[in-house]
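Undergrad: Now for the letters of each chain:
Number of protein chains: 2
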Amino acid sequence: MEAIGAPAKMTKQSAARQQVLELIDRLGVGTAIPSERQLSVDLGVSRLTVRAALDDLAREGYLVRRRGSGTYVQQPKISQQLTMTSFSEDMRRRGMAASSKTLSLTRQLAGPRLGRFLNVSPGDDVVVVKRLRLADGVSMAIETLHIPANVVPGVEPRDLEGSFYELLRTRYGVEISTATQTIEPTVTNEEESAALGVPLHSPAFLFERTSRDASSRTLEFVHSIYRGDRYQIVSELTPS
Amino acid sequence: MEAIGAPAKMTKQSAARQQVLELIDRLGVGTAIPSERQLSVDLGVSRLTVRAALDDLAREGYLVRRRGSGTYVQQPKISQQLTMTSFSEDMRRRGMAASSKTLSLTRQLAGPRLGRFLNVSPGDDVVVVKRLRLADGVSMAIETLHIPANVVPGVEPRDLEGSFYELLRTRYGVEISTATQTIEPTVTNEEESAALGVPLHSPAFLFERTSRDASSRTLEFVHSIYRGDRYQIVSELTPS
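Chains as they are written, first to last, in numbering that gives the first Met the number 0: chain C, 0 to 239; chain H, 0 to 239.
Derived from the structure by calculation, the hints contain no laboratory data.
Computed from a predicted structure; not experimentally measured.
Please note that the accuracy of each hint is not assured.
Cut-off 27 Å, straight-line C-alpha distance, at most; resulting in silico cross-link-like pairs (DSS-like, lysine-lysine) [what the hints assert, rightly or not]:
1) H:129 / C:11
2) H:11 / C:100
3) C:129 / C:100
4) H:129 / H:100
5) H:11 / C:129
6) H:11 / C:11
Just the calculated beta-carbon pair ranges, DEER-fashion [unchecked claim]:
7) H:222 / C:131: 47 to 57 Å
8) H:69 / C:43: 48 to 58 Å
9) C:46 / H:172: 45 to 55 Å
10) C:149 / H:138: 44 to 54 Å
11) H:93 / C:158: 38 to 48 Å
12) H:10 / C:41: 42 to 52 Å
13) C:158 / H:124: 37 to 47 Å
14) C:149 / H:68: 23 to 33 Å
15) H:216 / C:216: 42 to 52 Å
16) H:10 / C:64: 28 to 38 Å
17) C:155 / H:69: 37 to 47 Å
18) H:20 / C:123: 14 to 24 Å
19) H:25 / C:152: 45 to 55 Å
A virtual CB, placed ideally from N, CA and C, is assigned to each residue, including glycine.
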């Protein structure tokens, strides 16, 4: 049986974590927190315990470490609702400037797997676009778009510097009607870490989305890696 | 400018990944995949490339490695819709037996941070419950419930072996009406890894949920870590 009604029992690390979280709330974004040595004295725990708590909080995006400078309170994460808004639209609504940088644009045969995702023949051409999504100039996500080539004839890398959904609408007269999205937690690989400017194996969201027009034609299969230190999903739940 | 219209350009690793994914689709759950040596010959790439692709696919939950035995195709992930269904209800609907194991139940003072989350005074008592959520006997998540003590007078660890929402309803006459949930990607720490039986720093979802009754009284603040190798979120999106 457990210590019901007994005095509070918390591990030292979770107590240290709690106290640092409260410190973060008081200090506000951009402020340096005290040194590990100082915190160890203030909180009455070992430096090892302080470091473990700070490591966790940095991984979770509450703190950011700047080499040779110190540890700072990080900006709150961007809270993303699960809607069909495009990244560009979404950032605009937050008063941030959205931009995209096309890293590569190639054509390839769909093959069996991609063919199935896009509902095209394995021998059909697919346009594959890798692009970086930025908010106020900061890399937020790296995205790989797969589009049946006949949906976007003549598309060029610079066409993808803005909103893809807007491009579909204005240039190709195509409107996305429904989409299925899966979300998984992952960690960044070398390519993603380099592109996003985060340490190797940083927590990230993996979004995969398949979008269709009103007649159920598949328009895109997108695979995106969103920085976990800058992004979260928020939803309001009501009874089902 | 990029290689538009040129022959397919994929890195060796992404080509190897694609081919292993297709192999996984053909082989089916529980089947052993060929050795790294064999795959290296079959795919015409180095063992290093094969290993990197398999590492990624194991981290993403497509494959599972069994020490001294080999690498197997993993079961598909449990696809979770974002609704207010309880874990117990949700697993039942999938034909899986849901159970919970209470790891600890303590009382503590709310303090400023938890007090704010629960909308109680910092000096009020809070019941803190750590429990493991299992599906068909397999650990899926570790959850920390924080409940204002006056919501659940006399609660004991064994009361939390089933659905907490059912307990609230049947024993305390309290019904959850709305909830706010945030989701972030994270990696498991030592305690979570041990409890869930996954390697240290495995990708995981961090869910935080605050639930209220119809009169906006806060009933719980829950912090849960869900295994990323066994869990994904699926949503159908429609234009906003």
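Undergrad: A separate judgement is required for each hint: does it hold in the structure or not?
TA: Consistency of the hints with the structure:
1. H:129 / C:11: holds, 16 Å
2. H:11 / C:100: holds, 23 Å
3. C:129 / C:100: holds, 9 Å
4. H:129 / H:100: With Cα atoms ~9 Å apart, residue 129 of chain H and residue 100 of chain H stay inside 27 Å; holds.
5. H:11 / C:129: Roughly 16 Å separates the two Cα atoms, so the pair holds.
6. H:11 / C:11: violated, 47 Å
7. H:222 / C:131: 47 to 57 Å: violated, 32 Å
8. H:69 / C:43: 48 to 58 Å: Given a distance of about 49 Å, which is inside 48 to 58 Å, the answer is holds.
9. C:46 / H:172: 45 to 55 Å: holds, 49 Å
10. C:149 / H:138: 44 to 54 Å: Holds, at about 47 Å.
11. H:93 / C:158: 38 to 48 Å: At 43 Å between Cβs, range holds.
12. H:10 / C:41: 42 to 52 Å: holds, 49 Å
13. C:158 / H:124: 37 to 47 Å: Once the Cβ atoms are compared, 60 Å apart, the range 37 to 47 Å for residue 124 of chain H and residue 158 of chain C is violated.
14. C:149 / H:68: 23 to 33 Å: violated, 46 Å
15. H:216 / C:216: 42 to 52 Å: Holds, at about 48 Å.
16. H:10 / C:64: 28 to 38 Å: holds, 31 Å
17. C:155 / H:69: 37 to 47 Å: holds, 46 Å
18. H:20 / C:123: 14 to 24 Å: 19 Å Cβ-Cβ, so the 14 to 24 Å window holds.
19. H:25 / C:152: 45 to 55 Å: Between residue 25 of chain H and residue 152 of chain C, where Cβ atoms are some 33 Å apart, the hint is violated.
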